[in-house]
Amino acid sequence: MSDEQDQAPQFICGKCNIPLSMGKVSVAYMGNSFEVDLLRCPQCNLVLVPEDLALGKMLKVEQALEEK
Amino acid sequence: MERQRVQELEAQCIEEQPPACTAGCPIHLDVRGMMDHLRKGDFASGFGIVARFLPFPSIVSRICDHPCELVCKRAEAGEPLRINDAERACVDHGFKASALPRPQRAQRKRRIAIVGAGLSGLTAAVDLGMKGYETVVFEAKPEVLGRIRDWKRPPLPASLIETDLEVLKTVGIVVRANTSVGDDEVTIASLVDDFDAIYLGLGSRPVLDHSIDLQLDESGRAVIDPLTFATSHPKVFAGGCHRYGPAVYSPIMSLHDGRYAAMSIDRMFQGASLSANRETQGPYQTRLFTKTSVYTALPAIVPAEMAQGYSAAEAVEEASRCFPCHCLECVKVCEYLAHYGSYPKRYIREIYNNDCIVMGAHKTNRMANTCSLCGLCEAVCPEHLPMAGFCQEARQSMVQKGKMQSSFHDFPLRDMAFSNSDAFAMARHQPGSTASAFLFFPGCQLAASSPDHVAAAYQYLGERLSGGVGLMLGCCGAPAHWGGREDLFQSALGTISAQWNDMGRPAIITACSSCYRVFKDNLPDLPVSSIWSVLDEIGLPPVTLGRNLQPLAIHDPCTTRQEEAVQKSVRNLLNHLGVSPIELNEPGLTTCCGFGGLMSFANPDVADKTVDRRAKDSDADYVTYCAMCRDNFARRGKPAMHILDLVFGKTENPAAREDPGFSRRQENRARLKNMLLREVWHEPMIDEQDLPELNVSPKVHALAEKRLILLSEVRDVIAHAETTSEKIRDSKSGHFIAAFRPHAVTYWVEYSLEGEGFAVHNVYSHRMKVGTDQPS
Ligand code: SF4
Ligand code: SF4
Ligand code: SF4
Ligand SMILES: [Zn+2]
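Chains C and A are the protein sequences, given in the same order. In terms of the numbering used here, the first sequence opens at residue 1 and continues consecutively. In terms of the numbering used here, the second sequence opens at residue 1001 and continues consecutively.
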């Protein structure tokens, strides 16, 4: 394919050497847990939390849960 | 937190007390509110206030004897406000019939007879009519308000009186003019039979109608209870100049009597106590404190045309002289109190309510955790309200109830744990001796900031003091104390006092003002003195400064607020060093540097505002005697030095020394311990791991500091990733991204291999636990 380079997976699991793909991942904080879609290794489940997510939405949810 | 104590604290804050003018006004007109509107030229809103308090605004705003002006605080800086003229301006420039109060719709089945249509009688009639009662006014003369119609100073236009009397119609008050009570037809006795209550506004003459048995005084006037306006007859109330006799006439007191007699009548109908909760009825002295010394004296604005009253422009100018009166002394000096937009009385209520909620939003937690516990508010408060003590108590309560956000304090608490771990903590007698008469406790933050000064100071004390000078490294537990963690605090104190005991109960010398406070307040058995007092006594080592010191301003750490002797010693030392410091304020009114109370962790923005504000107090470089203050100034770009920089420092310009930052603080402590073990005690050092070489650019380092990520944690992440291969390769940049979660925080590091070591490109963290953080 001509656009193969754009399609090339950016993130590769260092352990399994296969690309990360979107999948359901559980996150938990202060006794609450829920599922979110995140990039993770389909084989060993290693998850990538990108900076903007960690410092954006995740932080907001953390603070909301802390104030409960 | 105990409810009653909280209420006492709340009551200590007097900001909600009325200003002097309102307290002095017999009917407590909201003068300050009115002046606020006038200042903005909003006469309509000003009139709204006047009409809310005065049943006859056009009349009273011209004839009030204005006792409020006698107590207006502006008198302490110029002349009192011309409050009555300002009220008249509200009427003259803001009158709107639609702004007048409307009677309540609900009709009540009680009837009241008012005898005498003077100011007091008509006020009682209007107030009761507004509440929906049926009122009938009996007046002997053909017209109501006879005295006002004859007013001479200056005369009131008849049209104006008619405007004000419109209210009688609006409310539906029946006026029976030309009806003299006491004649055959109508007597007080017949009114008592026909009505549910009677108000007598008889004027200053004696009671001539003896149809009922009314207790009279020697001049023949009814005996009236000054609080409730009750007479000896349960249905009959009285007031107005009947109370004072013919010698004085105060229109506003007549209004006052009518108003509060009406209140009693209403209470009687409701079956409520006539006398309860009336302490602040009528003129009284407010407890509100207003610092007037900061204002320039200004004379009153006098209307150019006295008879015309104020022009709109004149009224605005006059109203601009109103301070307005507030206390807010604490809010003026504290960024934290200012940040939340209110004042301690409210904050205490909010924090207490927050404490009482079991479930629900604990939004106020951050508020209680932002206070730096510096005690400045208490020092400036006219009532000495201890806000710091309250916030500290609230924090303890949050911790006990499991409601404290761990994100507020776990970084400083882990820093404290580091300082009390083997990496730093130690206690030794002086080399070559088996006993200690003294024990030097430099504190964890001085060691973190200036490890060399600690070593030098220890050596000097050892040379100059006899009986053995031991050394104890560690943290006094202040962070736990500030964070409400009494468990951790007590255990830190326990370790210290046990070791102190083991060492033969030496006299403690501390170089940190927080440690000093902690020991003094919590370990009364430990004899503690500050190194500054000790140095003042034994003298300084020969100092070859040889520098041309710029003028220095002295910043006292907030924890020494009450330690006059320490403050004085420091100044003596500075004088010896050839520095005559500029005083920023009375030492007892010093501010926090933004580190106190762990403020900078719970609310970094407010902490930065705090230190920045202090930094602006003088253009001179600062000298201080707390390492944390020193480093906080440095962090925000304010040149500052520690007094030990002047004694043991080797650099040419110690005020330019950088803030070491959190990572280096820990490294400095660990290095100090190892250096002392090796060079002073000749003991083996704590194992220094073979740490991978990290290349961290200043930009990434600053990011790590801001995000409270230590380089040791970055190393842990990389070490974990490299040993387990749990890392993600970013094929675009060629970097690795890896995470590690040692405790409650997951740290992420983006790095790449670089020679023998690693280049660090980014760091961030989150507290949520994601997936199975450990491989499944
Ligand atoms: S009503 Fe009279 S006493 Fe009250 S504020 Fe106005 S001028 Fe002053
Ligand atoms: S300065 Fe203003 S608020 Fe203070 S007493 Fe005078 S009128 Fe009232
Ligand atoms: S200084 Fe602050 S706490 Fe004290 S009375 Fe005034 S507003 Fe209240
Ligand atoms: Zn994998």
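There may be inaccurate statements among the hints.
Stated by the list, open to error - Computed list of lysine-lysine pairs in BS3-like fashion (alpha-carbon distance at most 30 Å, straight line): (1) C:Lys68 <-> A:Lys1403; (2) C:Lys57 <-> A:Lys1403; (3) A:Lys1345 <-> C:Lys68; (4) A:Lys1520 <-> C:Lys24; (5) C:Lys60 <-> A:Lys1699; (6) A:Lys1401 <-> C:Lys68; (7) A:Lys1699 <-> C:Lys57; (8) C:Lys68 <-> A:Lys1699; (9) C:Lys57 <-> A:Lys1345.
Don't read these hints as lab results, they were simulated from the structure.
Here is what the structure says about each hint:
1. C:Lys68 <-> A:Lys1403: holds (9 Å)
2. C:Lys57 <-> A:Lys1403: holds (22 Å)
3. A:Lys1345 <-> C:Lys68: The given pair, whose Cα atoms are some 24 Å apart, holds under the 30 Å limit.
4. A:Lys1520 <-> C:Lys24: Outside the cut-off at roughly 55 Å; violated.
5. C:Lys60 <-> A:Lys1699: Distance of about 25 Å is within 30 Å: holds.
6. A:Lys1401 <-> C:Lys68: Holds, at about 13 Å.
7. A:Lys1699 <-> C:Lys57: holds (24 Å)
8. C:Lys68 <-> A:Lys1699: Roughly 35 Å separates the two Cα atoms, so the pair is violated.
9. C:Lys57 <-> A:Lys1345: At roughly 35 Å apart (the allowed maximum being 30 Å), A:Lys1345 and C:Lys57 break the hint.
The structure does not agree with the numbered hints 4, 8 and 9 stated previously, though it agrees with the rest.
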